[in-house]
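2 protein chains.
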Amino acid sequence: MSKKGLLIVISGPSGAGKGTICKALMKEQQFWLSVSATTRSPRKGEVEGKSYYFLTVDDFKSKIAKDGFLEYAQVYDNYYGTPKKNVCEKIDKGENVILEIDIQGALKVKENYPEGVFIFILPPSMEELKKRIIGRGSETEKSLMTRFKSAYKEINYVSKYNYAVINDTVDSAVQKINSIIIAEKCRVDRIKDNIIDSKEGKIHEQFYD
Amino acid sequence: MSKKGLLIVISGPSGAGKGTICKALMKEQQFWLSVSATTRSPRKGEVEGKSYYFLTVDDFKSKIAKDGFLEYAQVYDNYYGTPKKNVCEKIDKGENVILEIDIQGALKVKENYPEGVFIFILPPSMEELKKRIIGRGSETEKSLMTRFKSAYKEINYVSKYNYAVINDTVDSAVQKINSIIIAEKCRVDRIKDNIIDSKEGKIHEQFYD
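Taken in order, these protein sequences are the chains called Z and X. Residues in the first sequence are numbered consecutively from 6, following the working numbering. Residues in the second sequence are numbered consecutively from 6, following the working numbering.
Same shape as in the complex, but just chain Z:
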């Protein structure tokens, strides 16, 4: 019933399955997937505006100065960020925007856009998370344990989120996220100004349009 779209932030530890869930969400419904900006060079096959927005360091820095990002970070020599303009335009038009992002990024987005819907994806079990991290490839035993411990630690950040969804099967996780979106659209916090004109104490008939 809300006229505005939602910013749905899909986040969680690496290995929880954020990417798979976002792909499945995009198949099922009309969402707009937020595209990141970066200063790193395009790799083979990457498409401007689809894989990333590829910016020069100067352009990126000038965008930072103009408060043009919902969040950004520097990773080694490169910048990565979520451009604010596109996301906000889509939301104002009533479209729902999906943003797949790591935990540090999500917490920054929350500072700038607290009305987003912050969903933490949990692995089906810690044992399964270990398996997934191992499955990703040829890491040494030591780096594996470091990654696992860091994921374990990261799960503590769940308390900063609105919702936690276990990725036991992709279908059930997607169904839960779809339910969360329907529920959020009914939240009185989001729609009460559409129902009642607080100055006049009247009910907006157009609310029912």
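Hints listed in this document are in silico derivations from the structure and should not be mistaken for laboratory results. Among these hints, one or two may not hold up.
Intra- or inter-copy, both count: the list cannot distinguish identical chains.
Unchecked claim - Below, a list of computed lysine-lysine pairs in the DSSO-like style, where the Cα atoms sit at most 30 Å apart:
1) K154 - K8
2) K89 - K113
3) K8 - K66
4) K8 - K158
5) K9 - K115
6) K197 - K154
7) K158 - K71
8) K147 - K95
9) K197 - K113
10) K136 - K89
11) K32 - K147
12) K147 - K8
13) K49 - K9
14) K197 - K165
Dock chain X against the given chain Z, drawing on the hints supplied.
Just chain X now, with coordinates in the frame of chain Z:
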């Protein structure tokens, strides 16, 4: 993911269609419908423990003294109330409880049980609400306008609720309420103690059971 059940409070102005929605909800899923207590005499066909719990005035008052109601009210000579014990027992067992109640009652329940899910049922339009109130029978023009005005006023209480659901069709309202229940079970506020042992800073493996 929450182990506890939810108290789902279905409320709203008269004529919005609370009763129809609750019946449809009960058909679809395993809910436990809260039964009110009253001191009025049973009418023909009413069944103890199903239509109402029929209590003497003394019993009702002693239950009030023992803080045995989530809410109660006196209407003319009779008392009506929602007994606390049954509701809380079911919730502790993990069952979801549906409570159909008017706005004044819902606001009292919220004081005593703020962790409930408070859903306000809105009529499809103010015009439709008028029709429904007229359809209910042989009221005078004056009493009709009084009822309509009071329903109009009551809609302002939507701001005290968590969710608002338009009863345009029963199916779509029920689908929204089912989504709200799924979403509420994923709310971090409700489940974070199941995920993280805040004293130990550890993740509960049993959370995944």
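Against the structure, the hints:
1. In this assembly of identical chains, K154 and K8 lie within 30 Å of each other by CA distance solely across copies; the values are 27 Å between and 42 Å within a copy.
2. In the homo-oligomer, the alpha carbons of K89 and K113 lie at most 30 Å apart inside one protomer (12 Å), although the nearest pairing across protomers, at 42 Å, exceeds that limit.
3. When the C-alpha separation of K8 and K66 is checked against a cutoff of 30 Å, the pair qualifies neither within a copy, at 34 Å, nor between copies, at 48 Å.
4. Only between protomers do K8 and K158 lie at most 30 Å apart by alpha-carbon distance; the minimum there is 23 Å, versus 38 Å within a single protomer.
5. For the homomeric pair K9 and K115, the shortest alpha-carbon distances inside one copy (18 Å) and between copies (28 Å) are both at most 30 Å.
6. Taking CA atoms no more than 30 Å apart as the test, K197 paired with K154 passes between copies only; the shortest distance there is 20 Å, against 43 Å inside one copy.
7. In this assembly of identical chains, K158 and K71 lie within 30 Å of each other by CA distance neither inside one copy nor across copies; the values are 34 Å within and 46 Å between.
8. In the homo-oligomer, the alpha carbons of K147 and K95 never lie at most 30 Å apart, since the shortest distance is 44 Å inside one protomer and 48 Å across protomers.
9. Proximity of K197 and K113 under a CA criterion of 30 Å is satisfied in both settings, with 27 Å inside one chain copy and 21 Å between copies.
10. In the homo-oligomer, the alpha carbons of K136 and K89 never lie at most 30 Å apart, since the shortest distance is 36 Å inside one protomer and 46 Å across protomers.
11. For a Cα distance limit of 30 Å, the shortest separation of K32 from K147 qualifies neither inside one copy, at 37 Å, nor across copies, at 55 Å.
12. When the C-alpha separation of K147 and K8 is checked against a cutoff of 30 Å, the pair qualifies neither within a copy, at 50 Å, nor between copies, at 36 Å.
13. Proximity of K49 to K9 under the C-alpha cut-off of 30 Å is found in neither arrangement, the shortest distances being 37 Å within a copy and 51 Å between copies.
14. Within a single copy, K197 and K165 get their C-alpha atoms as close as 25 Å, and across copies as close as 10 Å, so both meet the 30 Å cut-off.
Hints 3, 7, 8, 10, 11, 12, 13 from the list above are not met by this structure, while the remaining hints are.
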